[in-house]
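Protein chains in written order, with our numbering: chain A, 224 to 621; chain B, 2 to 177; chain C, 294 to 453.
Just so you know, these hints were derived from the structure itself, not from any lab.
Built from N, CA and C at the ideal position, the CB exists for glycine as well.
You may find that some hints are simply not true.
One side of the interface only, derived from the structure: several residues of chain B facing chain C at Cβ under 8 Å [what the hints assert, rightly or not]:
| # | residue |
| --- | --- |
| 1 | 22 |
| 2 | 23 |
| 3 | 148 |
| 4 | 149 |
| 5 | 159 |
| 6 | 161 |
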Amino acid sequence: MSDGTHVRPIPSDLLTLNIGPAHPATHGTLRVQVQLDGETIRNAACEIGYLHRGFEKQCETVYYQFVIPYAERLNYMGPVNNSNAWCYAMEQFLGIEAPARAQALRVITSELGRIIDHAVCIGTNLVDLGALTNFWYMFNYREKVYDLYEELCGARMMVNYPRIGGVSLDAPDDWLEKCLRLVDEMGEAVSEVQALISRNRIFMDRTVGAGTITKELAISHGVTGPCLRAAGIGYDVRKAQPYWGYEKYQFEVPVADGGDTYDRTIVRFQEMYESCKIIRQAIASIPGGPVLASDHLVVLPEKDKVYNTMEGLINHFKLVMHGIQPPKGELYSATEGGNGELGFYIVSDGSAKPWRVRIRPPCFANFSVFPKIIKGKMVSDAIAALGSINIIAGELDR
Amino acid sequence: MTEREIMAKVTGRFGAKVLQSYEFRGQCAVTVKAGDLREVLTFLRDDADTATDWLMDLAGVDYLGFPDDDDREWRFEVAYQLYSSSQNHRFRVKVAVPEDKLQVPSIWDLWAIANWMEREVFDLYGVSFTGHPNLRRILCHDEFEGHALRKDYPINKRQKLSSPAENLLCAKVELA
Amino acid sequence: MGLENNLEGMPVLATRLDEVLSWGRKYSLWPMPFGTACCAIEFMGVVSSRFDVSRFGAELVRFSPRQADLLLIMGTITQKQAPVLKQIYDQMPNPKWVISMGACASSGGFYDNYSVVQGVDELVPVDVYVAGCPPRPENVIGAIVKIQEKISRENLQTWR
């Protein structure tokens, strides 16, 4: 009709859409709310806390050495990195140092942890983008790393391997050779996957320019880890403030300059190669000797002493029943976790239980930047960016 | 700079405004009043020697019943972990929060990460941050009463979330 | 399947409807993985090539509850998450089964604190509990087999 009344006006208000908390692309439990104009995100907000397991409160009720399994369940993509970090923090607090062999074993297990973290991150991110093959392929290598862990300490995923003052067990015979073989194999596998996607038209179209984190945004939001290095800042705790003898190893800190999803993926690939390099060097230069410090106030005595000497038995009993009693004080210790700077802020009142344990979760900082980087982009860009930031809910919400 | 030098510099600059200074295993910290916090943090960030351009962490601590603790007249502290990427050093500034005045100025405009981290301290300790744009609970659900990480909150006092439908609708999450 | 050879030219098989339905159901489970935490990573192991749950007919992972009949609860359920889980369970069509995977989902695990639900059976009925923190993939496959056994014992009355 001529007056045009039969034409319904196009609705101009924004559509609010929930992504999560139970959405496959969130890889866990987080919730992003977006306001859409067509398919463009005009506004975004995040809601977290769906996996708030009360880690910090729980730690205040247990002895220091019993925090190790709790710590492992923070970032469950590379569990052993967290427990290693916790033990390192406690060693700093107590003013002791793990023996050189234990430090090398920590480096090896942590770098394996970093590789499997990145492998699954890349794999699942690609699943979100529609490329399923890489995930199966990379996950096989995760299983192989699990096998190594299993041989090392009997558990496959939550290994509970380190102890305050060292590591629980020495590597069995020919474990290091097996590790070396796997690292070689893994290097090849990673480069195969990289060859599949790094110049892949579809992948590049989806990821280049999606979810760009600029340098300023990264600093202001405390973004660390691969996300930061993809933005062009080469901060890595392993280089900046080395621990476990990382200063001895030759490795690069891969840096990209775009800060987008593509760069984050490529930086992760490069880091996997660097981790392989570190593992090779650590195995080549691993010293002999004990794997636990000899401080009787911290480390359990050998079983032989516990069963056959009175002092050993008392020592064991005291440590198990009364725990490690550090001095009064407070300390912040940082290591490089899979996603960035993993910090532990410990306050002790001198008793066997921590007064306060605070995690500096890398994911928390990384995720806080998310609403800003998806504004003005499409929903599909947001999905690609979310996968590449690698949010681990256990660490995000603790 | 070593942390001790930073501490000397801060104490020299701010004198009596530093309530406590503290050293343990080579790590140093100063405690200041809430009113002076922004000044101290801005100084540390902008001074060429300290240049702490990163806020790494922000953590609340409840000292209720902390043993042999005579000179701490306040119950809560909020600790700011700073890092300087150019100088590669760390430093910690703590702010004293007495129980009768649970207020700290927000620093979300200095570092954007403080936005979420302050919400977390508010959620778990009940310290409110003045000037914060969106001070809501972040980890616990909205119906939660009390503040979980306070020492007088029983660890297994659970609070059910009763209105799931409302929580799942979008209205509650305010879009910033 | 070899069955047709025994039918002696008669293309008809007499059986109970219950049996044939259960037989069909038990080898075509469509799981809805409600993965919240570490156990979800182990579930990735279950579906990926080494353990390969498709050998047991349960590989068609559906992320929409309306298309699924097996709810796998993997990981810690917090008070904030609880209503979400309840809603997802309600959205699944009957017949449906629930596996609670891992210590956290089954009992709260070692998180005995203010925010963690002490077992998902406070929220939804659970058919099989899987022990472990996290359970090994073999354990999860075992649970799926247990569900299959349970299904084969069910009849039409059960889901009326």
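Sort out which numbered hints this structure fails and list those numbers smallest first. 1, 2, 3
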